[in-house]
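Fit chain B to the supplied structure of chain A, relying on the hints for placement.
There are 2 protein chains.
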Amino acid sequence: MKTYTRPLDLKNGRVDMSHGSGGRAMAQLIDELFARHFTNPILAEQGDGACFALPVGAGKMVMATDSHVVSPLFFAGGDIGCLSVHGTINDVAMMGAKPLYLSAAFILEEGFPLADLLRIVQSMAQAAREAGVPIVTGDTKVVEAGKGDGVFITTTGIGVVAEGIDLKPSNIKVGDKILVSGMLGDHGVAIMSQRENLTFETTIQSDTAALNGLVATMLDAVPNIHALRDPTRGGLAAVLNEFAQASGHGMLIHEKAIPVRSQVAAACELLGLDPLYVANEGKLVAYCAAEDAETLLAAMRAHPLGRDAAIIGEVIADTNAFVQMETVFGGRRMVDWINGEQLPRIC
Amino acid sequence: MKTYTRPLDLKNGRVDMSHGSGGRAMAQLIDELFARHFTNPILAEQGDGACFALPVGAGKMVMATDSHVVSPLFFAGGDIGCLSVHGTINDVAMMGAKPLYLSAAFILEEGFPLADLLRIVQSMAQAAREAGVPIVTGDTKVVEAGKGDGVFITTTGIGVVAEGIDLKPSNIKVGDKILVSGMLGDHGVAIMSQRENLTFETTIQSDTAALNGLVATMLDAVPNIHALRDPTRGGLAAVLNEFAQASGHGMLIHEKAIPVRSQVAAACELLGLDPLYVANEGKLVAYCAAEDAETLLAAMRAHPLGRDAAIIGEVIADTNAFVQMETVFGGRRMVDWINGEQLPRIC
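Chains A and B, in that order, are what the protein sequence lines are.
This note's numbering applies: residue 969 is where the first sequence begins, and numbers increase by one.
This note's numbering applies: residue 969 is where the second sequence begins, and numbers increase by one.
A hint or two may mislead.
Which copy is meant is left open, so a pair is good if it fits within one copy or across any two.
Straight line, CA to CA, 20 Å or less: simulated EDC-like cross-link-like pairs of lysine to aspartate or glutamate [what the hints assert, rightly or not]:
| id | residue 1 | residue 2 |
| --- | --- | --- |
| 1 | Lys1115 | Asp984 |
| 2 | Lys1141 | Glu1259 |
| 3 | Lys1136 | Asp999 |
| 4 | Lys1224 | Asp1188 |
| 5 | Lys1136 | Glu1013 |
| 6 | Lys1115 | Glu1077 |
| 7 | Lys1141 | Glu1013 |
By construction, these hints were calculated from the structure, which means they are not laboratory data.
Isolated chain A (complex conformation) (with noise of 0.2 Å):
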C-alpha cells in the first residue's frame, strides 16, 4: 500500500499539474479518488490496462466511445458523471449488446475543485453500479488553467452480443414501424435552462438514463428488433436521417404520435427550438416489422424507462430517402438534418 504525507483535500483542494505528472501526486489521486470510488478486483490490478475472462457463448463483441464535454457540469437531473456512463452504456446497447466494462479517461483543468471532481466521480460510481457496468481501467491528465474546461470524460464501453442477434440500419425494411421508449426533448432543455445566459427556468430534468435493462427486455420479447438507436445529439431528427440514409428508405412520422412533455414544448417555443432536434440522453429510437410492433411497445411500456413509449410512424418507399411529418394539421413537412448547431455542448 502507498502512504502520503497527507491525504487529498478533498473539500477545498484543487487540481494541480502534478496532478497529470505520473508521479506520486496522480498515484495519490487515482488511489484516493478514482480507485476507491470505482472500486472493483479488475481496477484493483492497477495495471496499464484491465484484463478479464472473455465471455463464454457470445457471439460478437461490440465497443463504443464517447467524450462528455457538457455545459454546465451539473445540471437538473443529473451531471457529465452520470451522463459519462450513461451515454456509452447506451451506446453499446444500441447495437444489441449487453454492456459488460468501461474505462474512463479524465482530461482536468488546473484549478478545477476537487470537491467537484469528487461528487463527479461519486455520481459514475453509483451510475455504474446501478446498470451493473464496471469502470475497470482509466487515465487522468490535466491541462492548464485556460486550455480545458473543468473536466472533459471519454468513456469507452465492450459489451457482447448475444447469439442471434443482429440490429444494424440496413435490416430496415419498407413497412417497419419506428417506436421511441418515451418523451423527447428532456435532456436538452434541461440544459439549456440552466446555461448561465438564459434565465429561465423550468422543473425538467435531464432524462440521463443507462438503457441496458430496457434494451435487455425488448430484445427478449422481440428478438428479431431492425435497428436501435439513442437520439443524443441532433435528437430524433438526426436519427431518422442517419438510417433513412442508410437503408436507403424513407421514414413517415406523425407529429401527434410523439411524446412531448408540455413544458419542454413550452420552452421549445421560447428558445425557438424544436424538440424533434434535441437531444436526449435516456430514449431510445427501435424500428421492428410491423406484426412486432404491438409486442415491442407493449415489453417497452412494462419497463420503467419505457413507460410512455409510443409508435411514431412506420419506414416507408422513397428512394430519396427523405423524412417526412404529418403534422397535427394534416399537412406534411420534410424533417431534414441540422445544418448548423443547435444545442452546443449537449452531452
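For chain B alone, coordinates are given in the frame of chain A:
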C-alpha cells in the same frame, strides 16, 4: 451515400461548433476526414459503436485507455496523432496482449485548422496501419475557442492474451533482472526542445513507436516474462517505484548500465531534468527471472525497436520497497517518485 453541398475545405477551413452538433456538418467531417482515412470494414458499418467477432482461442481480454493532451501537437519525430495510437497500443501490449482494435474520441477546439486536423488524422491512420490495429469506432466533440487547446485525443484499445501468458507486478520476485528496451528520455527531450518558451534545439526525435511487435517477439523467446511496463509520464523512476510498491520488493539499478544518448544527457543537464524521470513513448521495462535474462536480452536486441536493450538492474529483498541506484561513482542513491510535475503535457 450522403451528399453535401460542397466538400470540406481541408486547406483553409476551420473547426466550428456545427462540427460537433450531431447534424449534417458533423456527418460530413466524419465521412470526409475520419472515415476516409481510418477506412476499414468495421468502421464502415457506422453504428453507435463497432461490432466484430470474438477471437477464437484467446485466454483473456485486455482494455486500456489514454487521453492525449501533448503540447505542441507536432514535434520532432511525431505528433499527437501517431502518439495517441502508439500510446494505447503500448498499454495493451504491456499486459502481454495482442492489440486488436482501437477507438478514437476527439475533443476539438473551435477555430482549429482543418489542415492540421487532416495531418493528425493521416498520422493516426498510418500508425494504426503500420501496427496492424485498426481504428474501428470514434466520437467527435467541439468546444468553444478558449475552452480547449486545439485537439485532445482519447484512444482506447482492446486485445487478447494468449493462453499461458500472465504479466503482472505481483509476479516479480527477488533476484529478477530488470531490462529496458533502449535509450531513455528521447520523447520528453524532443517535446521540451520544441516548447515555444525554450530556445534551445536538439536533433533528438521522439521515440514514439508501437511496441506490440517487440512484445510478441519477447514473449516468443521468454513466455514467462514476469511484468512489462512502458516508462511514459514519470519515466523509468515511476515504473520502478510502482513495481516496487506492487511487488513489495526493492529495486537496485546501475547508472552505468542505463542507456541514454549523450545529447539527451546534455539537454537534461541544461534543463535541470533527470533522464530517469523523462517520458518515453517507444520503450519498455521488462522483469524476468535471472536465468531468462540473457535470452530475453538477445531477443530484444534482434528486434529493430530493441537494438539498444540492456539489463539495468535487479530486484532485491527490501521490506521498504525502495528504489536505489548505484551511481557511476560507486555510491548508492534513492530514486524516489517525482513529487511535483517535471514535464507537463508530455503525452
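In rising order, the numbers of the hints this structure does not comply with: Hint 4 is the one this structure does not satisfy, whereas the remaining hints hold.
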